[in-house]
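Peer 1: Letter by letter, the chains look like this.
Protein chains: 2
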Amino acid sequence: MSLYDQLKFDAVSGLIPAIIQEQNSGRVLMMAWLNRASLEKTIATGKTHFWSRSRQKFWMKGETSGHTQSVKDIAFDCDGDTILIQVEQIGAACHEGYKSCFFRSVHQGNGGVKITEAQIIAPEQVYGKK
Amino acid sequence: MSLYDQLKFDAVSGLIPAIIQEQNSGRVLMMAWLNRASLEKTIATGKTHFWSRSRQKFWMKGETSGHTQSVKDIAFDCDGDTILIQVEQIGAACHEGYKSCFFRSVHQGNGGVKITEAQIIAPEQVYGKK
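If you read the sequences in order, they're chains P and D. Counting in our numbering, the first sequence runs from 1 upward without gaps. Counting in our numbering, the second sequence runs from 131 upward without gaps.
Hint data in this document are derived by calculation from the structure and do not stem from the laboratory. Small disclaimer: the values here were computed from a predicted structure and weren't measured. Watch out, some of these pointers could steer you wrong.
[As the list claims (entries may be wrong)] Listed below are the simulated BS3-like cross-link pairs for lysine-lysine, each with C-alpha atoms no more than 30 Å apart in a straight line:
no., chain 1, residue 1, chain 2, residue 2
1, P, Lys-114, D, Lys-138
2, P, Lys-8, D, Lys-244
3, P, Lys-8, D, Lys-187
4, P, Lys-47, D, Lys-244
5, D, Lys-244, P, Lys-72
6, D, Lys-202, P, Lys-114
7, P, Lys-8, D, Lys-177
8, D, Lys-138, P, Lys-57
[Unchecked claim] Here chain P is said to cover these stretches of chain D; the calculated rule only asks that three of the stretch's residues, wherever they fall, bring their Cβ under 8 Å from a Cβ of chain P:
no., segment
9, 145-152
10, 156-170
11, 203-211
12, 224-230
[Stated by the list, open to error] Partial list, computed: chain D residues near chain P (C-beta under 8 Å):
no., residue
13, Leu-214
14, Val-243
15, Ile-245
Idealized CB from N, CA, C, for every residue including glycine.
With the sequences and hints as input, model every part of the structure.
Peer 2: Spelled out as structure tokens, the structure:
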């Protein structure tokens with residue numbers, strides 16, 4: 001059975017969620033969405049390609065910022081409805097300049113929110129000032 | 131601003147995806163969906179609670195199998211539309227008896243699929259024979 005026979009792309013949107021994890025640190029970097037074409041392109045090129053739901057656009061991670069992701073492994077879950085991609089990340093995965101998009105945690109003590117990692121790049125250095 | 135003001139539950143389903151990661155190993159165990167009530171219950175009890183889309187039912191992870199997850203950290207991403215929960219996992223996260231639901235990977239050489247970890251529990255030992 002081929003890979004694509006074992007994956008469930010959403011019947012309406014044609015998308016499947018992908019968790020992106022930095023292989024050497026184990027840090028979860030981001031979650032993004034793939035359609036079949038972006039998964040095929042990811043496998044063919046070894047660089048992550050996604051589908052932007054907000055922009056309705058196919059894109060390669062890092063195409064503007066240079067912060068590309070080299071694919072090291074592609075796994076999928078028991079239900080075939082989520083993908084886990086291990087990568088080597090150049091620069092910051094997050095458009096806000098953090099290594100990971102998950103840079104905020106719930107504060108266990110008071111239920112507030114805390115920043116848990118340092119910003120490594122100023123966003124305006126990457127994308128230019130808005 | 132409260133946690134809930136920073137999260138985007140889907141406008142139609144009321145759900146937000148949650149990545150579950152084993153804190154001590156960094157292994158991504160599963161992805162599941164939460165509504166606001168299940169997130170509140172997760173925070174209040176320190177055990178993961180989800181919303182089952184297939185069964186349309188609120189459930190505590192491990193309520194049948196005993197394979198519960200103790201919450202160590204709850205983070206969320208820059209867009210506020212994905213949650214990352216660090217846990218301590220009792221037993222197997224996957225209902226197929228694997229530690230992680232992501233036990234299959236794409237074989238880089240031939241594009242086929244390979245099993246990447248050992249089954250640690252026979253599913254029928256957990257849920258009874260079907």
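Peer 1: Could you run down the list of hints and mark each one as holding or not?
Peer 2: Consistency of the hints with the structure:
For the hint pairing P:Lys-114 with D:Lys-138, the CA-to-CA distance comes to about 18 Å; that is within 30 Å, so the pair holds. Restraint check for P:Lys-8 and D:Lys-244: satisfied, since their Cα atoms lie roughly 18 Å apart, inside the 30 Å limit. A threshold of 30 Å between alpha carbons decides the hint, and for P:Lys-8 with D:Lys-187 the separation of about 21 Å falls inside it, so the pair holds. Taking the CA atoms of P:Lys-47 and D:Lys-244, the gap is about 21 Å. The hint holds against a cut of 30 Å.
For the proposed pair D:Lys-244 and P:Lys-72, the alpha carbon gap of about 15 Å is at most 30 Å, so the pair holds. With a C-alpha separation of about 15 Å, the suggested pair D:Lys-202 and P:Lys-114 falls inside the 30 Å cut-off, and the hint holds. For the suggested pair P:Lys-8 and D:Lys-177, the alpha carbons sit about 28 Å apart, so the restraint of at most 30 Å is met. Proposed proximity of D:Lys-138 and P:Lys-57 is supported: the alpha carbons are some 21 Å apart, at most 30 Å.
For the segment 145-152 of chain D, the stated coverage by chain P holds: 3 residues have a C-beta nearer than 8 Å to a C-beta of that chain, and at least 3 were required. Look at the segment 156-170 of chain D against chain P: 5 of its residues bring a Cβ nearer than 8 Å to a Cβ of that chain, three or more, so the hint holds. Restraint check on the segment 203-211 of chain D versus chain P: 7 residues with Cβ-Cβ distances below 8 Å, three needed, restraint holds. As drawn, the segment 224-230 of chain D meets chain P at 4 residues by the rule of a beta-carbon pair under 8 Å; at three or more, the given contact holds.
Because the smallest distance between the Cβ of D:Leu-214 and any Cβ of chain P comes to about 5 Å, under 8 Å, the interface hint for this residue holds. Hint status for D:Val-243 relative to chain P: holds, with the closest Cβ pair at about 6 Å, below 8 Å. Using the Cβ-Cβ criterion of 8 Å, the hint placing D:Ile-245 at the interface with chain P is not satisfied: the shortest such distance is roughly 10 Å.
In summary, the one numbered hint that this structure violates is 15.
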